[in-house]
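For this one, chain V is given, so just place chain P on it according to the hints.
These protein sequence lines map, in sequence, to chains V and P.
Under full-length UniProt numbering, think of the first position of the first sequence as 1, with each following residue one higher.
Under full-length UniProt numbering, think of the first position of the second sequence as 1, with each following residue one higher.
Any given hint might turn out to be false.
Because identical chains cannot be distinguished in the list, a pair is counted as satisfied if it fits within a single copy or across any two copies.
Claimed, not checked - DSSO-like cross-link-like pairs, simulated, lysine-lysine; straight-line CA separation at most 27 Å:
no.	residue 1	residue 2
1	Lys90	Lys17
2	Lys17	Lys6
3	Lys23	Lys35
4	Lys77	Lys6
5	Lys24	Lys124
6	Lys17	Lys35
7	Lys54	Lys17
8	Lys160	Lys90
9	Lys54	Lys139
10	Lys130	Lys163
11	Lys54	Lys24
12	Lys24	Lys35
13	Lys90	Lys35
14	Lys139	Lys77
15	Lys124	Lys77
What the hints contain is simulated information worked out from the structure, not anything from laboratory work.
2 protein chains.
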Amino acid sequence: MEYPSKLIEEAVNQVSKLPGIGKKTALRLVLHLIKQNEQTTFALTEALNNLRSKIRFCTHCHNISDTEVCSICNSHKRDKNIICVVEDTKDVMAIENTAQYTGLYHVLGGVISPMNGVGPADLKIEALVKRLDNRAEVKEVILALSPTMEGDTTAFYINKRIKDLSVKVSVIARGVPVGGDLEYADEITLGRSILSRTLFN
Amino acid sequence: MEYPSKLIEEAVNQVSKLPGIGKKTALRLVLHLIKQNEQTTFALTEALNNLRSKIRFCTHCHNISDTEVCSICNSHKRDKNIICVVEDTKDVMAIENTAQYTGLYHVLGGVISPMNGVGPADLKIEALVKRLDNRAEVKEVILALSPTMEGDTTAFYINKRIKDLSVKVSVIARGVPVGGDLEYADEITLGRSILSRTLFN
Numbered sequence: 001m002e003y004p005s006k007l008i009e010e011a012v013n014q015v016s017k018l019p020g021i022g023k024k025t026a027l028r029l030v031l032h033l034i035k036q037n038e039q040t041t042f043a044l045t046e047a048l049n050n051l052r053s054k055i056r057f058c059t060h061c062h063n064i065s066d067t068e069v070c071s072i073c074n075s076h077k078r079d080k081n082i083i084c085v086v087e088d089t090k091d092v093m094a095i096e097n098t099a100q101y102t103g104l105y106h107v108l109g110g111v112i113s114p115m116n117g118v119g120p121a122d123l124k125i126e127a128l129v130k131r132l133d134n135r136a137e138v139k140e141v142i143l144a145l146s147p148t149m150e151g152d153t154t155a156f157y158i159n160k161r162i163k164d165l166s167v168k169v170s171v172i173a174r175g176v177p178v179g180g181d182l183e184y185a186d187e188i189t190l191g192r193s194i195l196s197r198t199l200f201n
Numbered sequence: 001m002e003y004p005s006k007l008i009e010e011a012v013n014q015v016s017k018l019p020g021i022g023k024k025t026a027l028r029l030v031l032h033l034i035k036q037n038e039q040t041t042f043a044l045t046e047a048l049n050n051l052r053s054k055i056r057f058c059t060h061c062h063n064i065s066d067t068e069v070c071s072i073c074n075s076h077k078r079d080k081n082i083i084c085v086v087e088d089t090k091d092v093m094a095i096e097n098t099a100q101y102t103g104l105y106h107v108l109g110g111v112i113s114p115m116n117g118v119g120p121a122d123l124k125i126e127a128l129v130k131r132l133d134n135r136a137e138v139k140e141v142i143l144a145l146s147p148t149m150e151g152d153t154t155a156f157y158i159n160k161r162i163k164d165l166s167v168k169v170s171v172i173a174r175g176v177p178v179g180g181d182l183e184y185a186d187e188i189t190l191g192r193s194i195l196s197r198t199l200f201n
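Chain V on its own, in the form it takes in the complex (with noise of 0.2 Å):
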């Protein structure tokens, strides 16, 4: 496509390396700022300038924090004993959202994908092992990783990983969703939920 102006056409091509933003929406995103204040595009860039900048992990969970040691890992409410080991800071957010966890997390930062080219060594897994070794208190771990073949593969190398350690390793249950009709579970899932049934109090 022809831009009108060269400044466009950047704006444009860094705006579509985004995910999820082809060019059609990366000129509408760039037309509606030109049609603001000033003001609007500078908030906007300095906001992620200061975040690519000044980002830092969690020493101890790898999470996202503005601090040297998180809020979460740093509180005094939270169960010591149990760690949630999740992919992502997206599904920190989601587990805390739930309110039914008050443990500590460990963030891998991705999954084993051979495919992406991610291995062992490209996530915080020996993070994991060394924290365990150091923390007796810890008495089990949760994966909670997504129910996809990355996810299983990564869960299983953890469980070889640290399964001589003296600390109980769990992952959260499988099944049909909550609220969801049973008819249109897949057959993978409506399987194992009958295989994983639990008394009915």
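Just chain P, lined up with the frame of chain V:
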């Protein structure tokens, strides 16, 4: 939603101000930027800052331009006898893509929309009248505005403003879209396509 970092929160707030981007998409984009190297973010923000601070508009047609007079107004190949009036830059790009038009443009910068507080004075309508006054060579003005209430109102207003000047005023054809199934055309479009029928060669 609780964010793990103030930097994330501020970035998400700024990104979610863009049209069509909610908090969840903004978070996804922001976390994507964190995973990339710093240069990715800085290239993006620099392109946006450059765009917003250096952007200029052609003094003739008011389209976005890198120079005082845009490449279309400056071109010797364009037919100076016709001016096509459009709402914004995206419409110029769309018409240029058809390769069916060789005249000049006039970009209004919007359409009359009392609901959004946009009146005739907010648009480049007087600039168009002045342009027609000064340039006797213009023989025809094509109103290429969207077939909506606002577009029609704007076309009606412009026609009233320039009908006393010795210039032909036309509007782009309305009818069933090429490649569209007649069955699915709405009744207003179909009705108008019958009223505005043209001779079969």
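When no copy is specified for Lys23 and Lys35, does a C-alpha distance of 27 Å or less occur within a copy, between copies, both, or neither? Both. Shortest intra-copy (18 Å) and inter-copy (22 Å) distances satisfy the 27 Å Cα cut-off.
Under a CA distance limit of 27 Å, which applies to Lys139 and Lys77: within one copy, between copies, both, or neither? within (17 Å within a copy, 78 Å between copies)
Is it within, between, both, or neither for Lys17 and Lys6, if the alpha carbons may be no more than 27 Å apart? This pair counts as both: shortest intra-copy Cα distance 17 Å, inter-copy 25 Å.
How do Lys17 and Lys35 come out at 27 Å by Cα distance, when the copy is not named: within, between, both, or neither? both (22 Å within a copy, 13 Å between copies)
Should Lys54 paired with Lys17 be assigned to within, between, both, or neither, using CA atoms and 27 Å as the limit? Classified as both: same-chain Cα gap 22 Å, cross-chain 22 Å, threshold 27 Å.
Alpha-carbon proximity context of Lys160 and Lys90, limit 27 Å: within (26 Å within a copy, 56 Å between copies)
Between the shortest in-copy and the shortest cross-copy C-alpha distance, which are at most 27 Å for Lys90 and Lys35: within, between, both, or neither? Close across copies (13 Å), not inside one copy (32 Å); limit 27 Å.
Give the relationship of Lys124 and Lys77 under a CA distance limit of 27 Å: within one copy only, between copies only, both, or neither. Answer is within: at 25 Å inside a copy they meet the 27 Å cutoff, but 62 Å across does not.
Which holds for Lys77 with Lys6 at a C-alpha limit of 27 Å: within a copy, between copies, both or neither? between (55 Å within a copy, 21 Å between copies)
Pop the pair Lys90 and Lys17 into one bin, within, between, both or neither, using alpha-carbon distances up to 27 Å. both (21 Å within a copy, 20 Å between copies)
With 27 Å as the alpha-carbon cut-off, assign the pair Lys54 and Lys24 to within, between, both or neither. This pair counts as between: shortest inter-copy Cα distance 22 Å, intra-copy 31 Å.
Check Lys24 against Lys35 for me: Cα-Cα at most 27 Å, and say if that holds within a copy, between copies, both or neither. Both: 17 Å inside a copy, 24 Å across copies.
Hint compliance for this structure: hint 9 is the single one not met.
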